[in-house]
Amino acid sequence: MKKSKGDKIFDICNILFMVFFLALIIFPLLNILALSFNDGQDAVRGGI
Amino acid sequence: MKVSFIKKIKSQWQLQAMIWPSIILLIIFAYIPMLGLIVVFQNYSPIEGFFNSPFVGLQNFQQFLGDSQFYQVMTNTLGISLLKLLFEFPGAIILAVLINELKDGLFKRFTQTVSYLPHFLAWTILGGMVISWLSSNGLLNNILMGFHLINKPILLMTQSGAYWWIATFSDLWKEVGWGTILYLAAMTGIDPTLYEAATVDGASRLRRIWSITLPGILPIISLMFVLSVSGIVGSNLDQTFMLQNTLNMSTSEVIDSFVYHTGLGNGSFSYAAAVGLFTSFVSIILLLLANFATKKIGKAEIF
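Chains as they are written, first to last, in the working numbering: chain L, 1 to 48; chain V, 1 to 303.
One or more hints might be untrue.
[Said to hold, decoys possible] Where chain V lies over chain L, by a calculated footprint (3+ residues, C-beta under 8 Å): (1) 8 to 18; (2) 25 to 32.
[Unchecked claim] Computed cross-link-like contacts, DSS-like style, restricted to lysine-lysine with a CA-CA straight-line distance of at most 30 Å: (3) L:Lys5 to V:Lys103; (4) V:Lys108 to L:Lys5; (5) L:Lys8 to V:Lys103.
[As the list claims (entries may be wrong)] Some chain V residues well away from chain L (every beta-carbon gap over 10 Å; in silico): (6) Lys7; (7) Ile9; (8) Tyr31; (9) Ser68; (10) Tyr71; (11) Glu88; (12) Leu95; (13) Ala122; (14) Thr124; (15) Ile150; (16) Trp164; (17) Trp173; (18) Ile220; (19) Val229; (20) Gln244.
Think of the hints as simulated: they come from the structure by calculation, not from any bench.
This one's a predicted model, so the numbers in the text were calculated from it and none came from an experiment.
Note that beta-carbon positions come from the ideal geometry of N, C-alpha and C, so glycine has one too.
For reference, chain L alone in the conformation it holds in the complex (with noise of 0.2 Å):
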């Protein structure tokens, strides 16, 4: 059945809201990751 046009819309935008909704929840978690893999001192500088 074809799409219309704002069938692909709304697609697009639920798509780039997963996206964003994925990075919200994987990036706290990594960053947690890479402290946890660091020296102690690297953790306290920052940057991470």
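Starting from the known structure of chain L, arrange chain V on it as the hints suggest.
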């Protein structure tokens, strides 16, 4: 009549055998301890025991209803719970709808799995993570300073005004993905021919969502609503313990943590028990009200 009742139980003996251990457990650990509520009317001391502690009637109740700290604690509890309800309840539904609209495939399954992950982090762990993210060297401040939105780091964990929002959004982050499960399951039960008919009639995506998906999961939504409302005077003790500190205590002390601090901390067992009983009582009233409300609206109700 009596004979056929016993016969009925006998014929179901396998089911009965499965359920009776649980019922006995419930009676021993949940119902019989309720007799301990007698301490609410006493000035209980563990040395005197149940039968020798002086009887003080409703003094405990008078005491906490006159305690200004109790009102602060009540405000915190209700405020945080309502804020969580406001964001998590629609949040889970909207997210479920959006996930449902994704095309079946790797991305959809990947997104769902990732969204469930934070639920499995215990607050003992997540609390430490949140504190680290909000610290002066943490993720939030790094991002904000990187975009030059602020010049100096903001220490949200030290500001009492921020606590309600920190509690709400960290809980949202943790639970919103998990909360979609129930709604997604309900959505699979919607007749697909309805969607096809709607599309043939020219309904747009949003229209289909509004008129087919949402009404299709309305019974589940009502059920979850009733359950959530009855939990308003409750709170997540794990989260509170982990995120609380002396600087935000004025907005982070909720009923459960207050009961813990006064009861086990100060040894005022009766006071704490009275507060706890009062809270349970309010919960039941809210449950009945919410159930009544959903019954009136005409959709599913619990009883």
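The hints, checked one at a time:
{"no.": "1", "hint": "8 to 18", "in the structure": "holds (count 6)"}
{"no.": "2", "hint": "25 to 32", "in the structure": "holds (count 7)"}
{"no.": "3", "hint": "L:Lys5 to V:Lys103", "in the structure": "16 Å, holds"}
{"no.": "4", "hint": "V:Lys108 to L:Lys5", "in the structure": "22 Å, holds"}
{"no.": "5", "hint": "L:Lys8 to V:Lys103", "in the structure": "12 Å, holds"}
{"no.": "6", "hint": "Lys7", "in the structure": "56 Å, holds"}
{"no.": "7", "hint": "Ile9", "in the structure": "50 Å, holds"}
{"no.": "8", "hint": "Tyr31", "in the structure": "41 Å, holds"}
{"no.": "9", "hint": "Ser68", "in the structure": "38 Å, holds"}
{"no.": "10", "hint": "Tyr71", "in the structure": "35 Å, holds"}
{"no.": "11", "hint": "Glu88", "in the structure": "15 Å, holds"}
{"no.": "12", "hint": "Leu95", "in the structure": "8 Å, violated"}
{"no.": "13", "hint": "Ala122", "in the structure": "14 Å, holds"}
{"no.": "14", "hint": "Thr124", "in the structure": "14 Å, holds"}
{"no.": "15", "hint": "Ile150", "in the structure": "15 Å, holds"}
{"no.": "16", "hint": "Trp164", "in the structure": "20 Å, holds"}
{"no.": "17", "hint": "Trp173", "in the structure": "7 Å, violated"}
{"no.": "18", "hint": "Ile220", "in the structure": "22 Å, holds"}
{"no.": "19", "hint": "Val229", "in the structure": "27 Å, holds"}
{"no.": "20", "hint": "Gln244", "in the structure": "21 Å, holds"}
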